[in-house]
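**Student:** Starting from the given sequences, assemble the full structure and let the hints guide the process.
This is what each chain is made of:
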Amino acid sequence: MTASASASQEKFRNPAPKFSKSKRMMELRQSGSLQPGVVILLVLFFCIYAGYRSGDFWSALNWQLLAQPLAEAGLVSLGMMFVIATGGIDLSVGSIVGVAAVTAGIAAHHRLPVPAIEASALTAGALCGALNGLLIGVLRLSAILVTLGSMILFSGVALALSEGSSFAGFPDGLLWWNDATLLGIPVEFLLFLATAAAAAVLLRYSLWGHYAIAIGSNRVAASYSGYPVALTLFGVYTLQGLLCGMTGILLVARLASARADMGQGLMLMAIAAVVLGGAPIEGGSASVIATVAGVAAFYIVQDGLLLLDVPPFVQHALTSVLLLVAVAAGVLLRGSRENQR
Amino acid sequence: MKYCHRRVFQGLAFAVLLLALGCSRLPRNSKTLFVMVPKLVGIPYFNSARDGASEEAERLGLHFFYTGPTAADAGLQVDVIAGLLARHPAVLAVSCDDANALAPVLRRARRYGIPVLTWDADAQPDARDWFVSQVEDETLGRHVMDVLAEQLGGRGQYAIVTGSLTASNLNAWLFWMKKQQQEKYPDMQLVAVVAGNDDQQQSFVEAQSLLQAYPNLRGFIGNSSAAPPAIARAIEQAGLSGQIAIAGLSTPNLMRHYIENKTVKTITLWDPGKLGRLTAFVGAMILRHETPRDRMNVPGVGPIRVFPETRKIVMGSPLDFTQENISQYWF
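Read top to bottom, the protein sequences are chains A and B.
Our numbering puts the first residue of the first sequence at 1, with every later residue one more than the last.
Our numbering puts the first residue of the second sequence at 1, with every later residue one more than the last.
Because the hints were derived from the structure by calculation, they are not lab data.
All C-beta atoms, glycine included, are put in the ideal place defined by N, C-alpha and C.
Careful: at least some of the hints might be erroneous.
Part of the chain A face toward chain B, derived, beta carbon under 7 Å [said to hold, decoys possible]:
(1) ASP56
(2) SER59
(3) LEU61
(4) ASN62
(5) LEU65
(6) PRO69
(7) ALA168
(8) ASN178
(9) LEU255
(10) ALA256
(11) SER257
(12) ASP303
(13) LEU306
(14) PRO312
**Tutor:** This is the structure in structure tokens:
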């Protein structure tokens, strides 16, 4: 039994979170903190190994190229972190990215200026997220059912808007996101770091972040305490939609084209990254550093395996072995720590 | 507590063992590294191309590396290529899943000084050095019409089942098929062009309704690899085997059954193994700073056509699969 689950049960029996909640919250936040350490150690270990075997692994070029897809998946993972912290899940992220990309394609087709293209993609993403938030937060429907439905709905919308074809001919101002670097670091990655910092502040120091964690650890208790549950959930899913919109813009810039099926692999990647970072899938705990470590681990290992001449089908298998080893190690170590107490 | 520590130590020992097994350093062979990327790995068509290319690359002293996405997805392909750029290959050869989506990463490769070839499917022309193409559209279209006309004796009604009405390569072939018929076989009559959307089931339904709508129909052309097997199945089910001729473009694996039971006499495509061989050959020429010449003879491939103004290399003639030779091909 994990620390967070037992804590939430205890709370359920005694719904008086007024004075105990802040202390509980601190404990919950720390409970998963061993696993990111394990992940970082494993990845460092892998990096040393890959760097020893392949002379290209530590080249600046490799890390530059690696940083771009990492930033895109990272943005979606940050949103997913909030969603999972509230005890929910968002299966529709890949489809929202597709809607945002296609919207950007249509805007570019009508020769709108670059800021307008970006704004329309972000708005489309946020609207999709807001629809999820409305159904999950206000109508209190199950997150997995709602987003399963909206995953199909949004990808259908994206396909219908684009009529199944791909858009090209984006202005250079938009493609800037792919080519620009600052001190050798791709701006895409800097944008991701800035967003991650903002997410950390939001999670740790804002009331809203506090509400999100509280809802995840015990929704009933949170609503008894007068927390704005519906509004918080609405915000969480809208933010996820907005981040998907950002990812859509970055993907469009990197591929210089837009298609409805663009974000397909991102959903599993984002969920896996959050879980790899040690966040309990049942909610109530979140950490930005752990999420960033989770998503970085995936991309670093995948890239390293490619440089080590590992065949593509084996790469998939080995990457998922990383996930299982890290989760197993995290749970084992956490178990031993609890026994000590 | 103790038990748990033992587990951790066991894990570490296992990891050390793995390391010891795989500790030879990989050679940095980027000066001769020829990297070939298909649209996706694991399908017979691209496996066949890989075998041809690896044989030729080995013969020419190149270090051959073949990898690609596990699904036909342009985004995945771009990620794979971005990862490969870090190895700074001497030549990069890509069969592009999407001409637009692949262009930025290929342009970046060229900026890093890596010569880029596209093969099988092109990218935007400014994103690559040369495009190694299988067959010229005109040659292929005219040839397929010749195959059908020979079986029909140059007269009678025929219909065409194509993939989709928007695919530019299919439309180019279609154009030359019609042109060849108008110029050389005036007694033949095209009754319909329908789209099966590269789907066997839909092509099958289209072929069935054509058979009902035109009782005097004597021939079919299937203009996408899913169409000929579907047409053959429709003809077989209608009990018309041998009475209605079929020509078109498909792979030997899809058509083997219908060629062996004589529903279909001849099916046309090109040899992906030879295409891979030619790609590796052109890659080696670029490394030696040579320019491909028009009508030069490539060992194992034959004479090729070179169009310097469009930077396009064409492998040559299409390949017909018949009962005699189909057992030699597997893709």
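**Student:** Now tell me, hint by hint, if it's right for this structure.
**Tutor:** Status of the hints after comparison with the structure:
Hint status for ASP56 (chain A) relative to chain B: holds, with the closest Cβ pair at about 5 Å, below 7 Å. For SER59 (chain A), the interface hint holds, since its Cβ comes within 7 Å of a Cβ in chain B; the closest pair sits about 6 Å apart. Because the beta carbon of LEU61 (chain A) sits about 5 Å from the nearest beta carbon in chain B, less than 7 Å, this interface hint is met. At about 4 Å, the closest approach between the beta carbon of ASN62 (chain A) and any beta carbon in chain B falls short of 7 Å, and the interface hint on this residue holds.
Of the supplied interface hints, the one on LEU65 (chain A) holds, with its beta-carbon coming within about 4 Å of a beta-carbon of chain B, less than 7 Å. Because the beta carbon of PRO69 (chain A) sits about 5 Å from the nearest beta carbon in chain B, less than 7 Å, this interface hint is met. Checking ALA168 (chain A) against chain B by beta carbon gives a least distance of about 4 Å; that is within 7 Å, so the hint holds. About 6 Å separates the beta-carbon of ASN178 (chain A) from the nearest beta-carbon of chain B, less than 7 Å, and the hint is met.
Because the smallest distance between the Cβ of LEU255 (chain A) and any Cβ of chain B comes to about 4 Å, under 7 Å, the interface hint for this residue holds. A least Cβ separation of about 5 Å between ALA256 (chain A) and chain B falls short of the 7 Å threshold, and the interface hint therefore holds. Among the interface hints, the one on SER257 (chain A) holds; its C-beta lies about 4 Å from the nearest C-beta in chain B, closer than the 7 Å criterion. For the restraint placing ASP303 (chain A) at the interface with chain B, the shortest Cβ-Cβ distance is roughly 5 Å, inside the 7 Å limit, so the hint holds.
Taken as an interface hint, LEU306 (chain A) checks out: its beta carbon lies about 4 Å from the nearest beta carbon of chain B, inside 7 Å. The restraint placing PRO312 (chain A) at the interface with chain B holds, with a minimum CB-CB distance near 5 Å, inside the 7 Å limit.
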